[in-house]
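Engineer: Sequence:
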Amino acid sequence: MSSLLDKVGRYYRTVRPLRPVQIHGRVTFRLRRRLDETLGRPRRRVEPGVTLLTSAKVALRALWACRRDTLIDPEEAASRAEDAGRGAFTFLGEAEDYGAITSIDWRDPQKSKLWRYHLHYHDEVQALLATEHPALESFLMTWITHNPPPHGEGWEPYPISVRMRNWLFALAMRPQLPPEVAGSLYVQARYLFRNLEHHLQGNHLFKNAFALFLAGIALGGGEGEKWRACAEDLLIREIAEQILPDGGHYERSPMYHALVLEDLLDLLFLAEHLGMGRIAGKARPTVRKMVEFLDRFRHPDGEIPLFNDAAFGMAPPTKRLLHFARSVLGYAPSDAVERPLHLFETSGYAILGPSPHDQMLIDFGEIGPEYLPGHAHCDLASFELSLGGERVVVDTGTSTYETNAERQAIRGTRAHNTVSVDSLDQSEIWGSFRVGARARPRATFHRVGQTIAFLSVAHDGFARVSRSLRHRRTFCLLSPSPERFAFLILDRVTGRDAKTHRIESFLHLHPEVPWRFEGTTLHLSIGGKGWRCSPFPVPFSVESSFYAPRFGTRIENTRFCQTLSATLPAVLGYAIHPEGTPPPTAT
Numbered sequence: 008m009s010s011l012l013d014k015v016g017r018y019y020r021t022v023r024p025l026r027p028v029q030i031h032g033r034v035t036f037r038l039r040r041r042l043d044e045t046l047g048r049p050r051r052r053v054e055p056g057v058t059l060l061t062s063a064k065v066a067l068r069a070l071w072a073c074r075r076d077t078l079i080d081p082e083e084a085a086s087r088a089e090d091a092g093r094g095a096f097t098f099l100g101e102a103e104d105y106g107a108i109t110s111i112d113w114r115d116p117q118k119s120k121l122w123r124y125h126l127h128y129h130d131e132v133q134a135l136l137a138t139e140h141p142a143l144e145s146f147l148m149t150w151i152t153h154n155p156p157p158h159g160e161g162w163e164p165y166p167i168s169v170r171m172r173n174w175l176f177a178l179a180m181r182p183q184l185p186p187e188v189a190g191s192l193y194v195q196a197r198y199l200f201r202n203l204e205h206h207l208q209g210n211h212l213f214k215n216a217f218a219l220f221l222a223g224i225a226l227g228g229g230e231g232e233k234w235r236a237c238a239e240d241l242l243i244r245e246i247a248e249q250i251l252p253d254g255g256h257y258e259r260s261p262m263y264h265a266l267v268l269e270d271l272l273d274l275l276f277l278a279e280h281l282g283m284g285r286i287a288g289k290a291r292p293t294v295r296k297m298v299e300f301l302d303r304f305r306h307p308d309g310e311i312p313l314f315n316d317a318a319f320g321m322a323p324p325t326k327r328l329l330h331f332a333r334s335v336l337g338y339a340p341s342d343a344v345e346r347p348l349h350l351f352e353t354s355g356y357a358i359l360g361p362s363p364h365d366q367m368l369i370d371f372g373e374i375g376p377e378y379l380p381g382h383a384h385c386d387l388a389s390f391e392l393s394l395g396g397e398r399v400v401v402d403t404g405t406s407t408y409e410t411n412a413e414r415q416a417i418r419g420t421r422a423h424n425t426v427s428v429d430s431l432d433q434s435e436i437w438g439s440f441r442v443g444a445r446a447r448p449r450a451t452f453h454r455v456g457q458t459i460a461f462l463s464v465a466h467d468g469f470a471r472v473s474r475s476l477r478h479r480r481t482f483c484l485l486s487p488s489p490e491r492f493a494f495l496i497l498d499r500v501t502g503r504d505a506k507t508h509r510i511e512s513f514l515h516l517h518p519e520v521p522w523r524f525e526g527t528t529l530h531l532s533i534g535g536k537g538w539r540c541s542p543f544p545v546p547f548s549v550e551s552s553f554y555a556p557r558f559g560t561r562i563e564n565t566r567f568c569q570t571l572s573a574t575l576p577a578v579l580g581y582a583i584h585p586e587g588t589p590p591p592t593a594t
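Residue numbers (the numbering used here): 8 to 594.
No wet-lab data here; the hints were simulated from the structure.
C-beta: ideal position from N, C-alpha, C; glycine also.
It is possible that part of the hints are untrue.
What the hints assert, rightly or not - Below, a list of computed lysine to aspartate or glutamate pairs in the DMTMM-like style, where the Cα atoms sit at most 20 angstroms apart: (1) K64 <-> E230; (2) K326 <-> D80; (3) K120 <-> E101; (4) K326 <-> E269; (5) K289 <-> E299; (6) K296 <-> E245; (7) K289 <-> D240; (8) K118 <-> E160; (9) K289 <-> E269; (10) K118 <-> E103; (11) K118 <-> D90; (12) K118 <-> E101; (13) K296 <-> E310; (14) K64 <-> E279; (15) K118 <-> E163; (16) K326 <-> D342; (17) K296 <-> E345; (18) K296 <-> E269; (19) K64 <-> E139; (20) K64 <-> D76; (21) K326 <-> E82; (22) K536 <-> E519.
Claimed, not checked - Here are the simulated distance ranges between beta carbons: (23) D104 <-> H158: 20 to 30 angstroms; (24) H158 <-> H349: 45 to 55 angstroms; (25) T458 <-> E586: 17 to 27 angstroms; (26) S10 <-> K233: 46 to 56 angstroms; (27) E352 <-> P27: 28 to 38 angstroms; (28) H158 <-> E230: 18 to 28 angstroms; (29) I243 <-> Y338: 15 to 25 angstroms; (30) I243 <-> V344: 25 to 35 angstroms.
Using the sequences and the accompanying hints, generate a full structural model.
Structural biologist: As structure tokens, this is what we get:
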């Protein structure tokens with residue numbers, strides 16, 4: 008009985024913050040799709056007489072040239088095109104060779120849903136175009152033949168939305184393609200218009216709106232104008248809601264920030280090229296803020312931190328995306344970072360460090376929108392650290408979206424550089440994308456002096472144990488000079504009960520960082536320079552873990568854990584400082 012009540016309570020805590028459109032939208036979306044599948048709607052695979060509007064063709068060709076010169080790696084494109092030409096694909100770290108394009112199993116039951124999504128995205132079209140590979144027509148026509156509407160992942164709104172841009176580039180650059188390609192895309196756009204993902208919101212709905220905008224400006228006609236008008240209104244609304252004042256994306260995933268930025272850059276380019284002042288006027292200042300955020304909030308190696316659902320290889324490489332942004336904007340936005348502490352207050356991120364080569368990236372904010380926490384991890388008060396230009400402390404990353412133990416683990420508190428109390432996760436994560444009770448940051452404050460800077464954040468994520476229980480973490484940089492500095496991490500757990508609590512603090516080093524223990528001190532070798540990690544009042548123990556910088560990737564790694572059993576208040580922490588210097592004291 009208690010188990011049933013627990014489940015009911017968890018569902019209630021999960022559903023309560025949702026918007027009404029998410030609840031009734033989910034029901035109507037599923038019913039409509041089931042009805043479409045039963046009745047075989049839409050009945051036509053191809054709309055006859057569809058051609059690309061001349062104005063859109065010119066704009067798409069110009070956009071393609073800009074993307075080809077900035078976003079596409081020629082060697083990678085050649086390899087990917089060669090593979091696609093023989094029906095071979097690698098997604099999420101998993102390869103499959105079907106032997107020929109005509110033998111592709113578009114509903115392969117041996118693959119995960121996300122893998123099949125990628126198969127239907129048709130990102131290979133850009134590689135085939137960039138290399139002028141002769142297999143492009145066969146690739147598109149085979150999809151049309153083997154994917155009748157509305158069955159399979161290929162007819163779900165998100166894959167349609169991603170595929171829309173790729174097929175429009177193909178139509179613009181290869182006008183000799185069979186008319187069935189444009190006719191099929193028209194049917195796909197019409198189906199998307201009827202099945203926008205209002206129940207999912209966030210980056211899904213934004214991607215739907217952007218794809219509908221593309222269809223509206225490119226395919227024209229009465230329906231096309233209706234699509235464009237709907238998409239423009241939706242995009243303006245979602246831009247205002249999804250992009251925060253400091254330029255961050257509201258789902259708090261650096262990866263999705265980059266993916267949404269890529270779409271916004273395309274949108275801005277096309278809107279300005281076609282003289283669409285209303286949408287261009289909204290997009291340009293937003294793009295500038297997003298570019299500045301991305302340019303600042305990254306490691307010295309040029310790539311994003313892996314907070315929340317984030318992994319390399321899903322969005323374009325950050326350096327290439329910024330190059331594309333400079334081409335679209337016509338100038339390089341500011342990348343200046345305030346030293347030693349730079350805050351992105353509405354996104355809940357911070358940069359703490361004396362220089363671009365030595366800096367800590369910190370997550371101190373909300374897990375995401377109240378009604379949309381699906382890509383959140385239990386990483387409040389977690390951090391990543393680069394020293395000497397190299398990643399030293401890392402987040403575990405994201406390896407899968409499947410509903411399994413691995414997904415639960417990578418979202419959990421133990422996978423992040425933060426603190427757990429009584430083995431609880433900060434937030435009540437469950438399923439692949441669900442969150443019940445969630446940790447809320449409280450009483451955040453910061454201060455910057457001539458030789459010291461600190462950021463402090465408290466949260467109530469463990470109030471499920473005791474209503475008064477709070478965790479506060481203070482990040483401190485002591486920097487008498489840019490060459491001499493140390494970081495101090497100080498955790499304080501408070502509460503009014505008299506119980507003994509088990510407090511654990513986790514630390515994940517990059518798997519390529521050499522380490523050894525001398526007594527209780529953890530010694531690190533970074534770029535030929537020695538560093539120490541000095542814990543207090545309890546030492547680190549060692550646990551096996553893994554690092555997942557890409558989907559489908561698990562690199563064996565070590566997790567260091569401080570464990571303290573104590574009544575409250577309790578204090579623990581560690582200092583990261585150069586060899587030959589004493590650890591800073593927690594005073």
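Engineer: Give me the numbers of the hints this structure contradicts, sorted from smallest to largest.
Structural biologist: Violated hints: none at all, because every hint is consistent with the structure.
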